[in-house]
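Here is how the chains run, residue by residue.
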Amino acid sequence: MHQRSVVRVGASLLVASLALTACGSRGGETGGGTDKKTATIGMIVPLSGDLAALGLGMRNSAELAIKQANEANAIPGWTLKLDAKDDEAKGDVGANAATLLSGNKDVVAVIGTLNSGVSEKVQPILSSAKIAQISPANTNPSLTKGAKWASDPKRTYPGYFRTCTTDAIQGPFAARYLFTTAGIKKIATVHDKKTYGQGLVESFSEEYKKLGGQIALAETVNPDDSDFSAVISKIKAAGVQAVYAGGESPVTGPLSNQMKTAGLKLPLMGGDGMFNAKYLELAAKNAEGDLSTSVGAPPETLPSAKKYLDDYAAAKLPDPYEAYGPYAYDAANAIIEGLKISLKDAKDVESARQPTIDAIGGVKFDGATGAVSFDQYGDSTAKVLTTYQVKAGKWVAVETKDFAKP
Amino acid sequence: MDQFLQQSINGLSLGALYALIAVGYTVVYGIVQLINFAHGEVFMIGGFGSLTVWLALFEGNTAVWVLPFMLVGAVVASVGIAILMERFAYRPLRNAPRLAPLITAIGVSIFLQEFVRLFYDKIPGFPSAKAKIAYPPIETVTGTPFQVGGVSISRPTLFTFAALAVCAVLLWYFVNRTKLGRAMQATSQDPDTSRLMGINVDRIIVIAFVIGAALAAVAGVAHGLRNTNIEFKMGFTAGLKAFTAAVLGGIGNIQGAVVGGLVLGVAETLVTEYVPGQFGGSSWKDVWAFVILIVVLVFRPQGLMGAKVVDRA
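Residue numbers (numbering that gives the first Met the number 0), protein chains in the order written: chain F, 0 to 405; chain V, 0 to 312.
It is worth saying that the hints were derived from the structure and are not from the lab.
Fair warning: there could be bad hints in the mix.
To be verified - Label pairs and their computed distance ranges (CB to CB):
#1 F:Lys192 <-> V:Phe125: 30 to 36 Å
#2 F:Gly48 <-> V:Leu4: 40 to 46 Å
#3 V:Gly59 <-> F:Lys264: 23 to 29 Å
#4 V:Ile109 <-> F:Lys315: 39 to 45 Å
#5 F:Asp223 <-> V:Val294: 22 to 28 Å
#6 F:Asp151 <-> V:Phe57: 56 to 62 Å
#7 V:Gln277 <-> F:Glu398: 34 to 40 Å
#8 V:Ile109 <-> F:Asp318: 30 to 36 Å
#9 F:Val397 <-> V:Gly59: 28 to 34 Å
#10 V:Lys121 <-> F:Glu70: 36 to 42 Å
#11 F:Asp401 <-> V:Gly59: 38 to 44 Å
#12 F:Ser47 <-> V:Ile109: 19 to 25 Å
#13 F:Glu349 <-> V:Asp120: 39 to 45 Å
#14 V:Leu117 <-> F:Glu299: 33 to 39 Å
In this text, a Cβ means the ideal position worked out from N, Cα and C, and glycines have one as well.
Assemble the whole structure, with the sequences as input and the hints as a guide.
Right under this line is the structure:
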């Protein structure tokens with residue numbers, strides 16, 4: 000029984016990889032080389048489930064980057080292909096995908112994951128196989144700097160990098176916006192006790208107090224709650240000017256909506272977890288004036304992003320690139336830049352794995368999200384964030400700033 | 000003082016919602032001694048039923064005359080599910096040991112959740128039920144709150160109160176003043192003798208399920224209006240709270256379910272406001288709610304309402 004299922008999985012993987020080779024190599028063949036060697040770039044993102052839209056945008060973007068590299072013959076003698084695996088935004092499914100990928104001798108690097116919680120499971124597996132991992136979307140600071148990231152940062156996995164900024168910057172960035180730009184001196188915070196929400200509120204609160212702001216009320220809710228009337232009455236009694244909420248749109252959207260239905264007309268601010276269309280749907284008309292931060296500059300405004308956006312549009316892909324498409328595109332290109340060095344004289348993929356990690360640490364180029372390079376922890380050196388506000392039912396960028404330059 | 004009143008109103012509003020669902024648990028238990036754990040899903044299906052009517056017929060329309068149609072949709076969906084559930088999941092197990100229908104109820108609960116989760120977006124033009132779905136705002140019922148002194152009373156709160164009051168009066172009238180209601184009381188006391196007296200016990204059981212489902216459906220609509228969204232798993236927590244409310248009031252007792260629901264709602268809301276420090280705040284409300292339940296059961300095992308009306312346990 001067990002063996003049979005192994006055969007079945009193996010057969011379907013074979014078919015899938017054949018299909019992928021077919022699309023991946025189309026570009027390469029036009030390049031002319033006949034006896035090219037193949038290197039595989041793995042990918043672990045949600046392709047089904049609640050977060051599939053984000054994952055598909057990431058996969059398409061990575062595919063685009065790899066196709067372009069093959070067409071331009073970026074690495075002479077080698078063809079690149081993408082092997083995208085679905086993690087369903089779940090840690091154990093992601094870990095399975097990582098095990099499958101690290102068992103494949105042709106895999107040289109992996110793009111992913113979307114969720115910080117999934118990366119925690121994936122990191123040790125890829126790391127022990129010396130496969131480089133670049134995440135386009137993990138924002139939890141502990142992934143690069145260890146559990147005590149604020150007081151005693153230590154790089155835990157030398158092969159892990161990310162192209163987006165972290166919550167350690169996102170929270171303080173929001174604090175500066177509310178205190179300095181919006182002039183709000185007294186606020187309440189609410190978070191849902193999940194890794195993301197709690198981390199965001201903690202890093203926010205520290206900076207806000209440092210700036211001289213007053214946090215009149217710090218509340219928590221359960222991630223599954225949908226009735227916030229008691230918390231809202233407390234916020235109302237605290238007499239604050241705004242609410243900072245750590246959590247994703249399923250919590251922050253209804254919270255904002257119920258706040259305003261209860262007559263509490265204050266702006267609610269949060270992080271990139273609520274910077275999406277679902278928030279606008281759940282908060283409905285009451286979203287007007289709410290704020291959120293998200294990593295990077297809006298891609299529409301960057302000259303370096305224009306080529307990516309044009310190419311993505313030209314490829315006529317069925318799914319939009321979503322929030323993390325440009326970061327996945329840059330992650331793929333960072334790997335390709337690294338491979339240009341590490342694969343040049345390599346005889347097979349396996350021996351090129353460690354050199355690839357070393358090479359990625361030193362890459363520097365202008366990507367779709369701006370300048371791409373990594374610091375000694377594997378974090379993106381770009382500290383650009385944007386504050387968005389809901390205006391006329393849409394997220395509109397109001398301020399883009401480099402956090403490194405206050 | 001205002002803050003105390005405000006939180007009490009919030010709590011009563013939440014409690015009224017629990018009470019509407021709890022009555023379904025209690026009525027069914029009173030007749031067949033079955034804890035129908037799938038009752039929370041009947042409530043969830045009520046929410047989705049009303050949303051379906053809105054999406055199919057009135058999408059974009061937020062006028063108040065839409066609400067009765069949504070309520071009808073909710074009741075039809077919930078009652079339909081409850082009848083099917085009784086016929087195919089519980090009736091074949093009528094004479095089985097008590098544990099069998101209980102396990103079946105849990106199975107039905109999971110089946111209904113997964114069914115809604117996986118199939119709701121298969122209807123063309125409907126949103127995926129995998130994430131929370133925004134519930135249509137009905138202007139008159141979700142608009143600006145009323146101010147009474149320093150206390151603001153939101154309109155969905157009034158809707159929930161009104162729904163509970165109307166349902167409670169109708170139910171009281173039905174149980175005490177109609178022939179069918181008296182047959183129900185008789186069945187709850189002794190089904191075998193009732194059958195000898197010419198009462199169709201199977202029919203009475205179906206009616207108990209139908210009454211519970213109709214009230215849960217109204218609660219589903221109230222939940223959507225209050226919380227501005229619905230989701231496939233909302234039945235689980237709400238069902239558990241309503242079950243707690245039913246036990247708190249004395250399971251099998253209709254008045255008890257209403258009182259238990261209100262007490263639970265108020266308790267949950269007040270701990271958010273008044274328990275200070277580390278064990279306070281909204282995230283501890285469930286812990287305190289169940290502490291209260293345990294304390295009540297230790298000192299008063301029959302629940303808050305000692306007098307049992309529809310019960311033979």
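Hints, one by one, checked against the model:
1. F:Lys192 <-> V:Phe125: 30 to 36 Å: Since lysine 192 of chain F and phenylalanine 125 of chain V have Cβ atoms about 32 Å apart, the given range 30 to 36 Å holds.
2. F:Gly48 <-> V:Leu4: 40 to 46 Å: holds, 44 Å
3. V:Gly59 <-> F:Lys264: 23 to 29 Å: holds, 25 Å
4. V:Ile109 <-> F:Lys315: 39 to 45 Å: holds, 41 Å
5. F:Asp223 <-> V:Val294: 22 to 28 Å: The hint (22 to 28 Å, Cβ to Cβ) holds, given that aspartate 223 of chain F and valine 294 of chain V are roughly 25 Å apart.
6. F:Asp151 <-> V:Phe57: 56 to 62 Å: With Cβ atoms ~59 Å apart, the hint holds.
7. V:Gln277 <-> F:Glu398: 34 to 40 Å: Given a distance of about 37 Å, which is inside 34 to 40 Å, the answer is holds.
8. V:Ile109 <-> F:Asp318: 30 to 36 Å: holds, 31 Å
9. F:Val397 <-> V:Gly59: 28 to 34 Å: holds, 29 Å
10. V:Lys121 <-> F:Glu70: 36 to 42 Å: At roughly 39 Å between Cβ atoms, glutamate 70 of chain F and lysine 121 of chain V fall inside 36 to 42 Å, so the hint holds.
11. F:Asp401 <-> V:Gly59: 38 to 44 Å: Roughly 43 Å apart at Cβ, these two residues keep to the hinted range, so it holds.
12. F:Ser47 <-> V:Ile109: 19 to 25 Å: holds, 20 Å
13. F:Glu349 <-> V:Asp120: 39 to 45 Å: holds, 44 Å
14. V:Leu117 <-> F:Glu299: 33 to 39 Å: holds, 36 Å
Violated hints for the displayed structure: none, as all numbered hints are satisfied.
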